[in-house]
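Chemist: Here is how the chains run, residue by residue.
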Amino acid sequence: MRVLKRSAASPPEGPAGPDQAGTDREGRLERARSRVGSVKGKLARRRAAAVAWRARLPDLTGPVARAWHRLPRWSQWLVRLGIIVLAVLAPADWVGQIMAPASDWKTLLFYPIGIFVLLAVGLNVVVGQAGILDLGYVAFFAIGGYTMALLGVNVGLDFWIILPTAVALCAVSGLVLGTPALRLRGDYLAIVTLGFGEIIRISATNASWTGGPRGIAGIPHPPDIGNLNAFTYGVLDPTPYYYLVLALIVVVIFVARRLERSRVGRAWAAIREDEDAAALMGVPTFRFKLWAFAIGGSIGGGAGVMFSAKNIAITPDNFPLLLSILVLSAVVLGGSGNLPGVILGAFLVAWLPERFRGLADYRVLIFGAALVIMMIFRPEGLLPSRRRRSSLRTGTGAGAAPTAVVEQEEKT
Amino acid sequence: MGHLLELAGVTVRFGGVVAVSDLDLHVDKGEIFSLIGPNGAGKTTVFNIVTGVYEAAQGSVTLSGRSLRGRRPHQVTRLGVARTFQNLRLFGNMSALENVMVGADARHRTGIPGAILGLPTHRAEETSGRETARELLALVGIAELAEDAASNLSYGDQRRLEIARALATEPRLLLLDEPTAGMNPPEKSALQGLVRSIRDRGVTVLLIEHDMSVVMTISDRVAVLDFGRKIAEGQPADVRTDPAVITAYLGAPTDAA
Numbered sequence: 022m023r024v025l026k027r028s029a030a031s032p033p034e035g036p037a038g039p040d041q042a043g044t045d046r047e048g049r050l051e052r053a054r055s056r057v058g059s060v061k062g063k064l065a066r067r068r069a070a071a072v073a074w075r076a077r078l079p080d081l082t083g084p085v086a087r088a089w090h091r092l093p094r095w096s097q098w099l100v101r102l103g104i105i106v107l108a109v110l111a112p113a114d115w116v117g118q119i120m121a122p123a124s125d126w127k128t129l130l131f132y133p134i135g136i137f138v139l140l141a142v143g144l145n146v147v148v149g150q151a152g153i154l155d156l157g158y159v160a161f162f163a164i165g166g167y168t169m170a171l172l173g174v175n176v177g178l179d180f181w182i183i184l185p186t187a188v189a190l191c192a193v194s195g196l197v198l199g200t201p202a203l204r205l206r207g208d209y210l211a212i213v214t215l216g217f218g219e220i221i222r223i224s225a226t227n228a229s230w231t232g233g234p235r236g237i238a239g240i241p242h243p244p245d246i247g248n249l250n251a252f253t254y255g256v257l258d259p260t261p262y263y264y265l266v267l268a269l270i271v272v273v274i275f276v277a278r279r280l281e282r283s284r285v286g287r288a289w290a291a292i293r294e295d296e297d298a299a300a301l302m303g304v305p306t307f308r309f310k311l312w313a314f315a316i317g318g319s320i321g322g323g324a325g326v327m328f329s330a331k332n333i334a335i336t337p338d339n340f341p342l343l344l345s346i347l348v349l350s351a352v353v354l355g356g357s358g359n360l361p362g363v364i365l366g367a368f369l370v371a372w373l374p375e376r377f378r379g380l381a382d383y384r385v386l387i388f389g390a391a392l393v394i395m396m397i398f399r400p401e402g403l404l405p406s407r408r409r410r411s412s413l414r415t416g417t418g419a420g421a422a423p424t425a426v427v428e429q430e431e432k433t
Numbered sequence: 025m026g027h028l029l030e031l032a033g034v035t036v037r038f039g040g041v042v043a044v045s046d047l048d049l050h051v052d053k054g055e056i057f058s059l060i061g062p063n064g065a066g067k068t069t070v071f072n073i074v075t076g077v078y079e080a081a082q083g084s085v086t087l088s089g090r091s092l093r094g095r096r097p098h099q100v101t102r103l104g105v106a107r108t109f110q111n112l113r114l115f116g117n118m119s120a121l122e123n124v125m126v127g128a129d130a131r132h133r134t135g136i137p138g139a140i141l142g143l144p145t146h147r148a149e150e151t152s153g154r155e156t157a158r159e160l161l162a163l164v165g166i167a168e169l170a171e172d173a174a175s176n177l178s179y180g181d182q183r184r185l186e187i188a189r190a191l192a193t194e195p196r197l198l199l200l201d202e203p204t205a206g207m208n209p210p211e212k213s214a215l216q217g218l219v220r221s222i223r224d225r226g227v228t229v230l231l232i233e234h235d236m237s238v239v240m241t242i243s244d245r246v247a248v249l250d251f252g253r254k255i256a257e258g259q260p261a262d263v264r265t266d267p268a269v270i271t272a273y274l275g276a277p278t279d280a281a
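Line by line, the protein sequences give chains U and X. Counting from 22, one number per residue, gives the positions in the first sequence under this note's numbering. Counting from 25, one number per residue, gives the positions in the second sequence under this note's numbering.
Chain U with its partners taken away, still in its complex shape (with noise of 0.2 Å):
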């Protein structure tokens, strides 16, 4: 609201007639003009600098969405076929012997790496997309896995009854978290999830029906589907649970794309940019707000299921703080709002400290370090959304440093 804020205070114009308030406003402009001149030399200089630093980092992704955009319909859902067969091949033993020779490959393609670019898919729908900085991320996980170790051992459902049930119910808490939660902006709303997220995993180590910090456990796999090995569910072949996630993550990347290129979609664009502008635009910003919220919380509940229904038993340890912060970091490092970018970066944030294992403890260090350079050298993400690229590119935009320096003389 800032912005529209008059200064109540601001004394009337100096000694001007009606007809020479124009040219002094012309005089007031010039002035400014030439303020904003000299504030865009020195960012230009400043960009030039380090456009010339990440020039060393290759920007396919221009090109590369360009090429995309004139392949013909058929070619691009080949494209995208292709790249699901390698995802069902990707559980071969010789891929893993590349991918990590440390440790089990297979366990790794289901949790982190799975699970984590589902986390992140969800995420990015109320980050990169409606621009709510959500800190918590982790409680609707810990809604869901709780959802189904409840269901599945007391009640005795099904996985594929609890699966719908407890996406329902994450979309409800979204709800009933967000009403609240959303009146607040920026800075009070992150704190606001985080504390949401703390909520959530304090609650279920102190209640009793959740199993204190023993957690519950005997949480039933899914039922096989017919008699073969891909769909047979048991404890220890990894790879069913991994082809179950995929076929959830590409459903939930449909639903992520259509929506995205939707007035839902525009909605939360507009939303990230500038609230109160979408506000006066017609856009309900407060309701698109809860839906992200909801949607997003519905992905991570399905994620939370997944990972319960594989593991048998779960504990409050397994939805820490870190993990609302690793999902979060992997939207950001790929590039938050443009969906392959959020799943290259989940892959990665998920993939690396595995693959490094050999290193023990400095895989962390290293990881650590790498997150920091990343955004130095490009902040944007490794795949930028095409409006988030833009925006970096040419610093904060035309339009907004003369809007900024006027709105400064407009008040003095």
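For the record, the hints were derived by calculation from the structure and aren't laboratory data. Watch out, some of these pointers could steer you wrong.
[What the hints assert, rightly or not] Covered by chain U, per the in silico footprint, the following chain X stretches (three or more residues, Cβ under 8 Å):
| no. | stretch |
| --- | --- |
| 1 | 94–108 |
| 2 | 122–131 |
| 3 | 142–151 |
[Unchecked claim] Sample of chain U residues lacking proximity to chain X, with all beta carbon distances greater than 10 Å (derived):
| no. | residue |
| --- | --- |
| 4 | 114 |
| 5 | 128 |
| 6 | 175 |
| 7 | 177 |
| 8 | 254 |
| 9 | 286 |
| 10 | 306 |
A virtual CB, placed ideally from N, CA and C, is assigned to each residue, including glycine.
Once you have looked at the hints, place chain X on chain U.
Modeler: Relative to the frame of chain U, chain X by itself:
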């Protein structure tokens, strides 16, 4: 015949400061009405009251007899009021076309299920929204910039884009906050033509403007605010020679103070 927009006895306070005091104002359908006055006179505050950004402490605000008081900004927009901003407030990282489509979406109904399932209404709205947006970009004269990021447009073009975005919400009343600020003379005269053509499309225009030559040529009526009070109203020529207006701009003679 009732007025399109009517403000009666409107008072706005920020803490102890009275920004607008007991203001009566009405705008008739089909008019180009200008609001002028020195800086800090309360002009933008009037816009903020009409569009639901602020609520008036006292008084009534009605659009064709329906009260706008207590309505939230997006509801006011749907009732048919659109605005531009003194300090540009575009969605900078979205393309010009997308900016206008956000405006057009104000009249659309697609929700989450419609978007996910790709229902026919959703597809029809997307198509018509895109067409409307292209038409409006052509109307304001930046059709060829449709795919550019809004923040990469020139200052004047950004002002035009704001007008296109506002028009996309299908307003009955368009509020323009200093539309010619930062424009050069040829751009200014083109903008005057644009404002007239918008009026000719049946949209009533209420504008805040500092450039007196613009105000005097395009306005049907003018109101002058000073320290939140209306000190004059009428035909441009009458307002121009009104002693109260001249005092407001020049300051009172010392012997009268």
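Chemist: Among the hints numbered above, which are violated by the structure, and what are their numbers in rising order?
Modeler: 9, 10
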